[in-house]
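Knowing the structure of chain V, use the given hints to seat chain E on it.
Chains as they are written, first to last, in this note's numbering: chain V, 1 to 278; chain E, 1001 to 1299.
These are computed hints drawn from the structure, not numbers from a lab.
Do not take every clue at face value.
[Unchecked claim] Estimated spans, in silico, between C-beta atoms of each pair:
| no. | chain 1 | residue 1 | chain 2 | residue 2 | range |
| --- | --- | --- | --- | --- | --- |
| 1 | V | I182 | E | R1102 | 21 to 29 Å |
| 2 | E | A1148 | V | W10 | 28 to 36 Å |
| 3 | E | R1102 | V | G107 | 15 to 23 Å |
| 4 | E | S1024 | V | C40 | 55 to 63 Å |
Backbone N, C-alpha and C define an ideal beta-carbon position, used for all residues, glycine too.
The lines below spell out each chain.
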Amino acid sequence: MSNETASGSWHVGAESLRSWVDGDAGSLVSVSVEQHVLKCAHCRDQVAALVPESIRPPWDDVLAAIEVPRPGLAHRLFVRLGLSESDAKVASTAPTLRVAWLLATMGVLLFVVLTAVLAQEGGLGLFLMIAPLIPVTGVAVAYGPSSDPSYETVVAAPFAMVRLILLRTLSVLVTSVPLVVITGLVLPTSPIVAVAWLLPAAGFIAVVLTASNWVDPTHAAAAVGVAWVALVSWAVRIDDPLAVFAPVAMGAYVVLLVVAILAQLYRLFGSTPSWRLH
Amino acid sequence: MSIPTERGTTMPAPTVQLQGAGKSYRGATALAGIDLNLYPGVVGLLGPNGAGKTTLLRMLATVLGADRGSVRILGRDPAVGSQRTDIRRRLGYLPQELGYPRGFTAYGFIDYMAVLKEWDEPGPRRAEVQRVLGQVGLSDRATKRIRALSGGQRRRVGLAQALLGSPELLVLDEPTNGLDPEQRVSLRQVLAEVGRAATVVVATHQTEDVEALCERVVVLDAGAVLFDGPVRELVATAVDRVWLSDEADPRARTAWRTGTGRYRNLGDSAPPDAQSVEPSLEDAYLLLRGAVSSTEVPA
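One chain only, chain V, in its complex shape (with noise of 0.2 Å):
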């Protein structure tokens, strides 16, 4: 079925060919032709010559159909945001995106809101605790030696590291907060609550961000996060679990808030720019 040809290199013999393209070659032929054909242009480009022009896409096109994966559900939404394509790319491959940590979060908080029907109390304080946790965890590990096993090549790419980081969070907060915000809506309490948490998450967020310059992300997190248990704690075990967004505690978050910012902006442009990475 081939013939060699002067260069010494095989190809498909124009009857295989034909007879494979009007599909009357056995199976046998037709696995052989199918196999070279892949590797061989020649043979493709007397292939195209055998089919009429409508039913002729570029080869290219068609390896481009197969190779490049399908843009994924969270990369369409980003697109759609407004994102650059190359940019939804970039964000839409943190872990948070990943199945498991969606299910992840929608289990603590189906466990949130079954305390809180079950146990009305206790409920409240466990949704203050977990709130802003959830976020905060899915930033921590968006990037980072830990949780990205590419780390390295990733740091050493001139992509701008802040501009990875800041799509990254992006993209835990496009999870997340919705998931939390919806939680709090469904608990027997005030509106307020299902979305006063923001404002501490998005401090204790900060906090992650400039920390990670100089600790792991997901170190600074636990701090933020055993700081936040033992306050929230503490306002429940005076009765009081709203006392965490008392004026002066909220003051406290957009002081911490802006603090984080000044701190990250000075480190960026300030006149010594210090360089550690570890």
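Chain E alone, transformed into the frame defined by chain V:
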């Protein structure tokens, strides 16, 4: 057989210039202030584990800053943010242990790395991803999940991302790990080709790779440069210091039984009555390191 150096007259500017560059981790010295100039071509980096090879490579890859001394890479200072980004645009890096985020295909991962290397336009990016996949011989594995690839294929995916954009400085930490002999030979062909224009730094434990591929070898030990020069010069230091015998020779510094049943002895000089043989780079390396005891199996 001394060949006059062509570099004597028109010495190109070094790609990498280290002057007293050092790095310590919590007081332990990883790199003890070394001086090193690198030029286009393939340079082999040898040394035992913990000698500072990986620290040096991470410094060249701008992933790690030096504590002291000066570092210039491609004429820029990696300690300055904007210059560091410039270096990264012209750099390819394969770390010692490159993992891959879950769920990626070979094509998908290299495509993602290409985005991080600023290939924003999908068309040219696709052509470049295909080019590097072809260069490492993985074109027909592009759609496979990386988890389903063999160890050698996974290593080649890592190498492919380092080749994106034809970098001027290619930093490879043990690229031949997990490759079978055929794959190692084809990797050598790729690196030799790249090394005609670019500076390629290869850290390895495989002296054969250095012998087959590199013009120049740098041996590190305890964070310091033990040898820096042409491969043949290092091999020449072992001439008349390697001999065969039927029993392990007590005068040798180290000896081992080879496949032929005879012993290969390495020592300060071959005894006059002994059957002296041509040294390999491995012999020279072991003799240079000196401290190998006769009970220790040579690496």
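Exercise. Of the numbered hints stated previously, which ones are contradicted by the structure, given in increasing order?
Worked result: none
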